[in-house]
Amino acid sequence: MKPWTIVLWLPGFLLRGTKMAKDDYFRIVYLILKILYEYKKKHIPVDIQQISAEALQIEQGYRDEILGEMLEEGYVKGFNYDMYIAGDIVTELEDIKVTPKGIEYLQDNNKMKEVAAKIGKAVEKAIIVLIG
Numbered sequence: 005m006k007p008w009t010i011v012l013w014l015p016g017f018l019l020r021g022t023k024m025a026k027d028d029y030f031r032i033v034y035l036i037l038k039i040l041y042e043y044k045k046k047h048i049p050v051d052i053q054q055i056s057a058e059a060l061q062i063e064q065g066y067r068d069e070i071l072g073e074m075l076e077e078g079y080v081k082g083f084n085y086d087m088y089i090a091g092d093i094v095t096e097l098e099d100i101k102v103t104p105k106g107i108e109y110l111q112d113n114n115k116m117k118e119v120a121a122k123i124g125k126a127v128e129k130a131i132i133v134l135i136g
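For what it's worth, my numbering labels the leading residue of the sequence shown as 5, then goes sequentially.
Take the hints with a grain of salt, since some may be wrong.
For lysine-lysine, the following DSS-like pairs were computed, each having C-alpha atoms within a straight-line distance of at most 27 Å [to be verified]:
1. K81 with K46
2. K105 with K45
3. K44 with K105
4. K46 with K101
5. K81 with K101
6. K46 with K105
7. K45 with K81
8. K81 with K105
9. K81 with K44
10. K101 with K45
11. K101 with K44
Simulated restraints on C-beta separations [to be verified]:
12. Y29 with K101: 28 to 36 Å
13. A57 with Q111: 21 to 29 Å
14. K101 with E58: 18 to 26 Å
In short, the hints are calculated from the structure, not lab data.
The beta carbon of each residue, even a glycine, is placed where N, CA and C say it ideally should be.
Given only the sequences and the hints, what does the whole structure look like? Please build it.
Here it is, written out as structure tokens:
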């Protein structure tokens with residue numbers, strides 16, 4: 005797989021950063037947790053388009069699988085996750101929230117620190133601009 009230079013796509017924003025595979029598991033987990041945490045700090049509902057498969061530039065099934073794993077690990081809450089033979093499905097995503105365990109993972113995990121260093125402050129700035 006080719007490295008991808010676009011770190012994050014948000015409607016109206018195109019952020020560039022260090023080369024990293026666009027479907028890197030830890031990158032996606034970091035982005036989802038970071039986005040949810042920014043919304044939590046602003047105490048406003050999450051715009052679920054920000055964590056859509058399209059926004060993350062990954063396949064829907066892969067995004068749903070990652071969200072399901074994050075739910076099972078206790079990093080996020082507020083949605084349904086069902087596993088079927090044909091694939092995993094996430095529903096009722098409108099109430100998704102980051103948990104204290106998810107915030108702790110963002111703050112403490114060494115792998116997340118590596119990802120954060122590669123992504124830099126651009127993600128935080130873009131999210132702050134979007135949610136005010």
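Structure-based check of all given hints:
A distance of roughly 18 Å separates the Cα atoms of K81 and K46; the hinted pair therefore holds under the 27 Å criterion. For the proposed pair K105 and K45, the alpha carbon gap of about 15 Å is at most 27 Å, so the pair holds. Restraint check: the Cα-Cα separation between K44 and K105 comes to about 13 Å, which is no more than 27 Å; the hinted pair holds. For the hint linking K46 to K101, the alpha-carbon distance of about 12 Å falls within 27 Å, and the restraint holds.
In summary, the hint linking K81 to K101 is supported, as the alpha carbons are separated by about 5 Å, within the 27 Å threshold. Annotation: proposed proximity of K46 to K105 holds, straight-line Cα distance about 18 Å (limit 27 Å). With a CA separation close to 16 Å, the supplied pair K45 and K81 stays within the 27 Å bound. Among the hinted pairs, K81 with K105 is consistent with the structure: their alpha-carbon atoms are about 11 Å apart, no more than 27 Å.
The hinted pair formed by K81 and K44 meets the criterion: a straight-line CA distance of about 12 Å does not exceed 27 Å. A threshold of 27 Å between alpha carbons decides the hint, and for K101 with K45 the separation of about 11 Å falls inside it, so the pair holds. Restraint check for K101 and K44: the C-alpha separation of about 7 Å stays at or below 27 Å, so the hint holds. Taking the beta carbon of each, Y29 and K101 are about 21 Å apart, not inside 28 to 36 Å as hinted.
Evaluation of the 21 to 29 Å hint for A57 and Q111 yields a pass: the beta carbon distance comes to about 26 Å. Evaluation of the 18 to 26 Å hint for K101 and E58 yields a pass: the beta carbon distance comes to about 21 Å.
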